Amino acid sequence: MNEVLNEKNIYLNLEVNTKEEVIELLAEELNKTNKLINKELFIEDVYKREAEGITGIENGLALPHGKSSGVKKTTIVVAKLKKAIFWETLDDSLVDLVVLFAVRLEDKNETHLKLLSRIAGNLAEEENIEKIKKLTNKKEIIEILEKEW
Amino acid sequence: MKIVGVCACTAGLAHTFMAQKKLLSVGKERGHFVNIETQGSMGVENELSIEDIKDADFVILATDIKISTDRFVGKKVIKVPTNVAIKGTIKLYEKLEQSI
Chain B
1 MNEVLNEKNI
11 YLNLEVNTKE
21 EVIELLAEEL
31 NKTNKLINKE
41 LFIEDVYKRE
51 AEGITGIENG
61 LALPHGKSSG
71 VKKTTIVVAK
81 LKKAIFWETL
91 DDSLVDLVVL
101 FAVRLEDKNE
111 THLKLLSRIA
121 GNLAEEENIE
131 KIKKLTNKKE
141 IIEILEKEW
Chain H
1001 MKIVGVCACT
1011 AGLAHTFMAQ
1021 KKLLSVGKER
1031 GHFVNIETQG
1041 SMGVENELSI
1051 EDIKDADFVI
1061 LATDIKISTD
1071 RFVGKKVIKV
1081 PTNVAIKGTI
1091 KLYEKLEQSI
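Those protein sequences? They're chains B and H, same order as listed. Okay, so the first sequence: first residue is 1 according to my numbering, each after it adds one. Okay, so the second sequence: first residue is 1001 according to my numbering, each after it adds one.
If we strip away everything but chain B, and leave its shape as in the complex, we get (with noise of 0.2 Å):
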């Protein structure tokens, strides 16, 4: 199994109110899993970064990240949100697609970052957008992050 992005890591029906509230959630079910070494650190960096700019995009998705020494091991969380919330997107759109790269700072794993590229850009794509926020098989949402171009 894919350890940057599998099954476990993707949430169907995130009941959430608030930007703030996705990514301490998000952060929290990384903890659990071993993912990170320190969570505040995290959750730090990946404020530090939309400070930066904004990292909601269109189409209702958010693309938080955060290349973090908090960080353990280099994770995309997928949350499909049950209703859509407030996130600064670049058409104004609220955000009910969020997926958030935790990323090791020293990671220059070509893999990793690879795939983390290629999944960047499938959701730069309206079409990959609105399949995922249809689908319900983790499978099929991990095939079309995944898929080459």
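Heads up, a few of these hints could be off.
Simulated restraints, written as ranges between beta carbons of each label pair [claimed, not checked]:
{"hint": "1", "chain 1": "H", "residue 1": "K1076", "chain 2": "B", "residue 2": "N137", "range": "44 to 50 Å"}
{"hint": "2", "chain 1": "B", "residue 1": "E106", "chain 2": "H", "residue 2": "K1002", "range": "35 to 41 Å"}
{"hint": "3", "chain 1": "B", "residue 1": "I54", "chain 2": "H", "residue 2": "K1091", "range": "14 to 20 Å"}
{"hint": "4", "chain 1": "H", "residue 1": "S1099", "chain 2": "B", "residue 2": "E24", "range": "43 to 49 Å"}
It should be emphasised that the hints constitute simulated quantities derived from the structure, not laboratory data. Quick caveat, the model's predicted, so the values are computed rather than measured. A virtual CB, placed ideally from N, CA and C, is assigned to each residue, including glycine.
Knowing the structure of chain B, use the given hints to seat chain H on it.
For chain H alone, kept in the frame of chain B given last:
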């Protein structure tokens, strides 16, 4: 048209590659030959060759950080933030197509 470009964002993880993918797919749809270099967390990838740059009608720099642009002196260069390359890709190409 032949178009080359460079994408680079602050963290080098997400926006760089979203912009690259969007520029490639929309450019192809509109009948252009597009080649995009990325300067991200893996360093320089898909590096543009001197020939690529020489043959290009346009250079798109979708960058949020400072990058070296010496290679593009004398070329028609359009510089935008990565966000514009991601969200306003079609408009960006329309602008290039009109100005040729």
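Each hint, compared with the structure:
Judged by the Cβ atoms, the range 44 to 50 Å given for H/K1076 and B/N137 holds: they are separated by roughly 46 Å. For the hinted restraint 35 to 41 Å between B/E106 and H/K1002, the CB-CB distance of approximately 38 Å keeps it satisfied. Checked against the hint of 14 to 20 Å, the C-beta distance between B/I54 and H/K1091 comes to roughly 19 Å, which is consistent with it. Taking 43 to 49 Å as the suggested C-beta distance range, the pair H/S1099 and B/E24 conforms, at roughly 47 Å.
Consistency note: the structure conflicts with none of the earlier hints.
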